[in-house]
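K.L.:
Starting from the known structure of chain V, fit chain Y onto it as the hints suggest.
Protein chains in written order, with my numbering: chain V, 1 to 384; chain Y, 1001 to 1433.
Hints listed in this document are in silico derivations from the structure and should not be mistaken for laboratory results.
You can trust all of the hints, since none of them are fake.
List time: in silico EDC-like cross-link candidates among lysine to aspartate or glutamate, alpha-carbon distance up to 20 Å:
1) V:374 to Y:1360
2) Y:1425 to Y:1360
3) V:308 to V:339
4) V:329 to Y:1169
5) V:329 to Y:1346
6) Y:1068 to Y:1193
7) V:329 to Y:1170
8) Y:1146 to Y:1178
9) V:4 to Y:1168
10) V:329 to Y:1168
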Amino acid sequence: MNKKGLVTAIVCTLMVFAAYFAWQFVFFDYETNVYTTTAEQLFTIDHLTKLVPLLIIGLLTAIGIVACIVVRNHLMRRDTLRSPYATRRAPSSNGRVRGRRVSAFMVVRWICMVGFFALMVFGGVLLGVRYAWISIPVLSCPANMSQLTEASCYYLAHLEELASLPLMGIMVFVASTLGFVLVLGRVLCGFVCPMGLVQDVMHKIRQATKVEGIAMTERMYQALVPIRWVMLLLMIGLSFVGGNYCNFCPAIALTPVAAGLSVSLYASGFLMVFVLIASFFKRRFFCTICPLGYLMGLAHRVQPFRIKKDCTACTECGACYEACPMGIKQLYTEREQTDVTDISCIMCGECVRCCPEDCALSLTLFGKDIYVSKRSRVVEGYRR
Amino acid sequence: MAYADAIQEQREQRRRQRFATKSMHMTQKYLHRMRDLGGTLEQMEPFFNALERIYVQGLDVERPRSTKTVGTYCVQVPQELIYAAGARPVKLCSGHYTAFSIGDDVVARDACPLVKAIAGFEHMGTLPLYENCSLMVVPITCDCKKRIAGLIKEKWPVHPLYVPANREDEDIEHYLDDLYQLMHMVSHVTGQDVTYESLANALNLTGYAQYELSRFLRIKRTTPNLLYGTHAMAVMNASSYLDAGVWASAMGALNDELERRARANELVSRKDLPRIMLTGSPIVFPNLKIPLLIEEAGGMVVADETCMGERGMSDPVVPVDASFDGLMRSLAIRSLRPCPCPTFADNSQRIYRLRQMVRDYHVEGVIYHVLRGCLVYDYEFRLVEEELESMGIPVIRLESDYTDQDVEQLRIRSEAFVETIKLKKGPLKANRG
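One chain only, chain V, in its complex shape (with noise of 0.2 Å):
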């Protein structure tokens, strides 16, 4: 066995231990679990005190990301390659590439993303839980009772407990997830996940500050299969065998605590820390192993929206592998088919942004163009 996958090995099993005894490792501890709040609880000093777990992770997040950035340093002295640019790789303001100009669809998809957080946060209490039978599949954790919609992920880790259900409580929950993933399969990863979002952010953060992050290469993702599949297992069969997977799950440090609700973090608070560091030195980090989206990736040959290829127009130049979140290959080594849909595609629209190459990638739903890449995009920003 080589090394990485003695590596990977040694991860999956620590996880396995890690998510079984979940609850063993207190985060943060409440007395009594409230998972539910009002209208007049929101915005006040009682929701302020309630957001010190977020606080907390953030100021961890913090101390990990300087302890990486000053570890990485150290060891690059190292290297007398790179050694004297080791200072430019830390935080510096000064110079900027223009370049890329902004474009309408990735604002909407900020907006679709900053909107629906906002939504999954506090929609239940400010327009009502009427929608609560709709089971949407994205990480925005069920803890919280008072969001908009209910979350699928809660009853896929607790099947035995969507077998007590009555059934038209299972169709329901079946036919609004099967739905959603039929229609929209992974499009709400890029535009609805409150988890997807909270990495974004961490991205937009390092490419401010412009610190170096990790490059992934294709042998690199290889390696986070085998953590994914873990990751599925946990999440459908941990309470099998009497453990349960929400203690382990990083989403429920996010959306619940933000709410304001008194929901106490195990493992999860540890992990939330780990994924937001993660995902500020590789994008999207935690998409890459998320069991759900996993699941709803499995859709991807019949959902309407797809990513389509002109494979004479492409140059191979490896700018939109070099921008996928998600390191999918085959977006410039395709040569045959119009379809690059990949399983783990998140519709972000990343490819088709940096792709230099007129109408090379393009975004469809149903066939038709929604956004189609331009070499005019790319170097526009460089006018004079």
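P.N.:
Then chain Y, alone, in the frame of chain V:
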């Protein structure tokens, strides 16, 4: 003894003199032929002047006195790095016949003429463009380039840049390391440090050139016959000797003129001339005989896929990550991945690029140019021929050397090629009528 030495020295001096005059005449002749073709635009003058400045007036590139020049070969050397270190990159791949005739005696018989011409200039030492270089960056692409790195290192400091044969993720990582090394070397020569700011500014500078080039290509694509392909190639060649910003602003002025002419429908030739694409071995000024012959024979070179032509710069750098390493990475990726150079082991992407160009420019015939001894391009001819034949596009292989002796033979072949395309088009027009 001293007397004999002096005689020798004098002889050598005279030989250099003769060489300089001869090479000046040679360049002038091609500049004249280019102008005689007609259809030169007012805004092309800055480009022609730049070529004239280097090869006819025998001056170095225009630059502040303190700026050092770094000679580069091939398109895989990121010019941005050299600008970032405060130096001026010049592309030294040569197309000079006079220098070739000298180099012919210096390097191996079967070496390609491009390398022989470089060796000729190195041997004679008369051209300031070469003489003033503070560093030579030679990417190890083909065998001849590898040899030239060894040949010129006695005269100039040389940095051989290892170019991987594949373009996988690991190769990019290796190449990135090599680029760091190159950056180190260049800033050592200039005494200027590469900072984030200087690198970003360099990217903005070449990005500006990219922007104007993409505009130029778009205009050329949408309105055919706005300018002769020979002139377009000369304009591209001039970028080797001009500052990217200067080139870009001259290009901007040219684009404005072209747009104006497109609106007024002022074309340089009849619309129904055979539309020919040129591809294959590098075509470097002043070796413009092939495009000249085609256009003198009544064809139009509507596109070229050669590395000193449009291809050299047509792929923009796409910085995805804003960090310093991210910018370096985008340079490494741009230099390797989109480059359709046949020195890469798998170069099937060139076929797709040709297909795309045939589609974009409505090409009716392809001339595949092979410099004598340029094996890598010769290897690819068969693949290109098969592909183009399946598309119904006629293609011929023209082999040439850096000499005027084969001109008549080339003329006959290119004229015949242009005529066959005309014949093919003839009945079509009749049907339409």
